[in-house]
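Participant: Sequence:
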Amino acid sequence: MHDGIGAPEKNTSFMPFILVSNSINCCPNNGKKLNKWAKQTCTLHACLKGTYTCDCEPPFKLFPFPKEKKDREGRRRWTENIKREIRKGNVWTPKNSSRVCSVHLKMANLQMKIPTQRGFGIQLQLESYKDLRIQELQEQLKEAENELKILKEKLKKVREKNGLQCSDLKTDKEVNLLTGIPTRAAFDALFDLVKKNVKKLRYWTGPVKSTRKGRNFKRSPKKLGPKRELTEKYEFLLTMMKFRLGSVNADLAQRFAVSATT
12 MHDGIGAPEK
22 NTSFMPFILV
32 SNSINCCPNN
42 GKKLNKWAKQ
52 TCTLHACLKG
62 TYTCDCEPPF
72 KLFPFPKEKK
82 DREGRRRWTE
92 NIKREIRKGN
102 VWTPKNSSRV
112 CSVHLKMANL
122 QMKIPTQRGF
132 GIQLQLESYK
142 DLRIQELQEQ
152 LKEAENELKI
162 LKEKLKKVRE
172 KNGLQCSDLK
182 TDKEVNLLTG
192 IPTRAAFDAL
202 FDLVKKNVKK
212 LRYWTGPVKS
222 TRKGRNFKRS
232 PKKLGPKREL
242 TEKYEFLLTM
252 MKFRLGSVNA
262 DLAQRFAVSA
272 TT
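Residue 236 in the numbering used here sits at position 225 of the sequence shown, with consecutive numbering throughout.
In case anyone wonders, no lab produced these hints; they're calculated from the structure. Be a bit skeptical, because a hint or two may be false.
Unchecked claim - Calculated cross-link-like contacts (lysine-lysine; reagent style DSS-like; alpha-carbon spacing at most 27 Å):
| id | residue 1 | residue 2 |
| --- | --- | --- |
| 1 | 153 | 163 |
| 2 | 165 | 244 |
| 3 | 210 | 253 |
| 4 | 47 | 72 |
| 5 | 81 | 106 |
The structure presented is a predicted model; accordingly, all values stated were derived computationally and were not measured.
All chains should be modelled from the sequences, with the hints used to inform the complete structure.
Facilitator: Following this line, the structure appears as structure tokens:
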């Protein structure tokens with residue numbers, strides 16, 4: 012039994028059926044496989060299997076459930092015979108997109124209108140694959156839109172947590188407003204000039220305290236003093252903003268999502 016992908020309902024009418032397999036819930040057959048089969052080359056007819064020139068039967072078919080409005084009793088019998096449960100005691104309810112694979116069905120009284128025009132039935136089969144593909148893409152689009160919405164929410168939370176980003180300064184006007192540097196290009200160029208000396212920078216740690224005991228390192232640290240909380244470019248941006256805006260430490264700490272003592 013399949014949800015979301017299956018053959019269309021047109022030109023098919025079927026009621027009684029008997030399940031011939033207990034593995035219906037684990038059936039690997041779906042609309043994607045039918046679409047893949049239709050794109051394969053038929054060695055007998057020298058064409059694609061899904062085209063009107065090929066009358067080869069597909070490996071399986073996917074049948075929709077009877078409609079609730081047209082055949083409520085038939086839909087109920089199908090659902091009961093599926094014997095699928097979501098939770099113990101709760102019977103599964105089919106969706107409009109739910110399909111049953113022909114491998115698991117033994118059809119009775121199957122009635123189909125057989126066209127007299129040669130190739131017309133094959134053309135309907137090709138159209139069914141197009142419908143399958145459209146339905147599949149619509150569902151993928153819906154899933155992608157939901158995923159995009161979730162990712163946007165996560166990104167919003169991350170930005171709020173991380174505070175001001177260098178990437179937020181997109182225009183020369185924004186750079187000049189916050190740092191006093193006329194353009195973004197000038198900001199980047201100035202940082203390139205000073206960044207080689209940033210690693211040698213030592214943070215202020217309070218009043219000088221003399222100690223007789225020296226410090227022994229197994230390996231010389233790249234930078235003495237407290238561990239750096241911001242990247243070198245963020246420190247440069249913070250410093251330029253302090254010069255330009257005259258902001259107090261608490262204001263800058265809130266902007267950059269760090270503690271005021273950093």
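Participant: Now tell me, hint by hint, if it's right for this structure.
Facilitator: Here is what the structure says about each hint:
A C-alpha spacing of about 15 Å is found between residue 153 and residue 163, which places the hinted pair at or below 27 Å, so the restraint holds. As the CA atoms of residue 165 and residue 244 are separated by approximately 24 Å, the hinted pair is consistent with the 27 Å bound. Among the hinted pairs, residue 210 with residue 253 is consistent with the structure: their alpha-carbon atoms are about 20 Å apart, no more than 27 Å. Taking the CA atoms of residue 47 and residue 72, the gap is near 14 Å; set against the 27 Å cutoff, the hint holds.
Of the supplied pair hints, the one linking residue 81 and residue 106 holds, its CA atoms being roughly 15 Å apart against a limit of 27 Å.
Violated hints are absent here; each numbered hint is respected by the structure.
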